[in-house]
Amino acid sequence: EAGVTQSPRYAVLQEGQAVSFWCDPISGHDTLYWYQQPRDQGPQLLVYFRDEAVIDNSQLPSDRFSAVRPKGTNSTLKIQSAKQGDTATYLCASSLHWGTGQDTQYFGPGTRLLVL
Amino acid sequence: AQKVTQTQTSISVMEKTTVTMDCVYETQDSSYFLFWYKQTASGEIVFLIRQDSYKKENATVGHYSLNFQKPKSSIGLIITATQIEDSAVYFCAMRENNAGAKLTFGGGTRLTVRP
Chain A
4 EAGVTQSPRY AVLQEGQAVS FWCDPISGHD TLYWYQQPRD QGPQLLVYFR
54 DEAVIDNSQL PSDRFSAVRP KGTNSTLKIQ SAKQGDTATY LCASSLHWGT
104 GQDTQYFGPG TRLLVL
Chain B
721 AQKVTQTQTS ISVMEKTTVT MDCVYETQDS SYFLFWYKQT ASGEIVFLIR
771 QDSYKKENAT VGHYSLNFQK PKSSIGLIIT ATQIEDSAVY FCAMRENNAG
821 AKLTFGGGTR LTVRP
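Chains as they are written, first to last, in this note's numbering: chain A, 4 to 119; chain B, 721 to 835.
Calculated directly from the structure, the hints in this document are not laboratory data.
Each hint should be verified, as a subset may be incorrect.
Said to hold, decoys possible - According to the in silico footprint, chain A covers these stretches of chain B (three or more CB under 8 Å from chain A): (1) 760 to 773; (2) 809 to 821.
To be verified - Below are the SDA-like pairs computed for lysine to any residue, each with C-alpha atoms no more than 20 Å apart in a straight line: (3) B/822 <-> A/19; (4) B/822 <-> A/116; (5) B/822 <-> A/14; (6) B/776 <-> A/104; (7) B/776 <-> A/102; (8) B/822 <-> A/15; (9) B/723 <-> B/746; (10) B/822 <-> A/16; (11) B/822 <-> A/10; (12) B/822 <-> A/21.
Even glycine gets a Cβ: it sits at the ideal position worked out from N, Cα and C.
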């Protein structure tokens, strides 16, 4: 069974440019997560969805970051007007619905973003 | 608010020995779930093992096992018969039952296994 896939794997931008990250979760997983992992730190949750609905986006810098999952499968995370402080790895994860006892989150390979 | 702390920033061990990595957590929830993940040099994050707070028996998967000490809010990861390929950064994470699906991660422990 295929794992979580993400693209692109790397991105290099100048400040002020926009970038989009794409994620395809494990088939059958209804919950999808986006994390930001700064260098030498643990992942930090940005937003997560159950099906197409946003469940929690309280950690998403809403003025420049947006995330959608329109059909409840693939998802896109977009950064408008990137800043140097956005330099990090962006990770997508998926799971079955929490509370099922099988809600372990599985991670994709990540996108490494460098903002110059 | 939930918090996860890994005090060991790095550990170095000889191959084929046993290593324990520490993790302590803070939570007000009576029901919670603890996870250990491994991040390889390529950046891949791999799930290793989990412990549900209501289970008294320590979880074991392959050469990974947990030392769950609920009164101390501690969940240690034990790796027996370490191999070179176990070299990685290990993250402890927690999900509170009343916090939806949010996982809170510790800062990680870098393990180096020497031949």
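Verification of the supplied hints:
By the rule of at least three residues with a Cβ nearer than 8 Å to a Cβ of chain A, the coverage given for the segment 760 to 773 of chain B holds, with 8 such residues. Counting residues of the segment 809 to 821 of chain B whose C-beta lies closer than 8 Å to any C-beta of chain A gives 6; at least three are required, and the coverage claim holds. The suggested pairing of residue 822 of chain B with residue 19 of chain A is violated, with an alpha-carbon distance near 30 Å, which exceeds 20 Å. Taken as a hint, the residue 822 of chain B and residue 116 of chain A pair is broken in the structure, with Cα atoms around 23 Å apart against an allowance of 20 Å.
In summary, the hint linking residue 822 of chain B to residue 14 of chain A is not supported, as the alpha carbons are separated by about 27 Å, beyond the 20 Å threshold. With a C-alpha separation of about 16 Å, the suggested pair residue 776 of chain B and residue 104 of chain A falls inside the 20 Å cut-off, and the hint holds. Between residue 776 of chain B and residue 102 of chain A, the direct Cα distance comes to roughly 19 Å. Compliance with the 20 Å bound is thereby established for this hinted pair. For the suggested pair residue 822 of chain B and residue 15 of chain A, the alpha carbons sit about 29 Å apart, so the restraint of at most 20 Å is broken.
Restraint check: the Cα-Cα separation between residue 723 of chain B and residue 746 of chain B comes to about 5 Å, which is no more than 20 Å; the hinted pair holds. With a C-alpha separation of about 29 Å, the suggested pairing of residue 822 of chain B with residue 16 of chain A is violated against the 20 Å cut-off. Note on residue 822 of chain B and residue 10 of chain A: the hinted pairing is violated, with a Cα-Cα distance of about 23 Å set against a maximum of 20 Å. Distance restraint check for residue 822 of chain B and residue 21 of chain A: the Cα-Cα separation of roughly 27 Å exceeds the 20 Å cut-off, and the hinted pair is therefore not satisfied.
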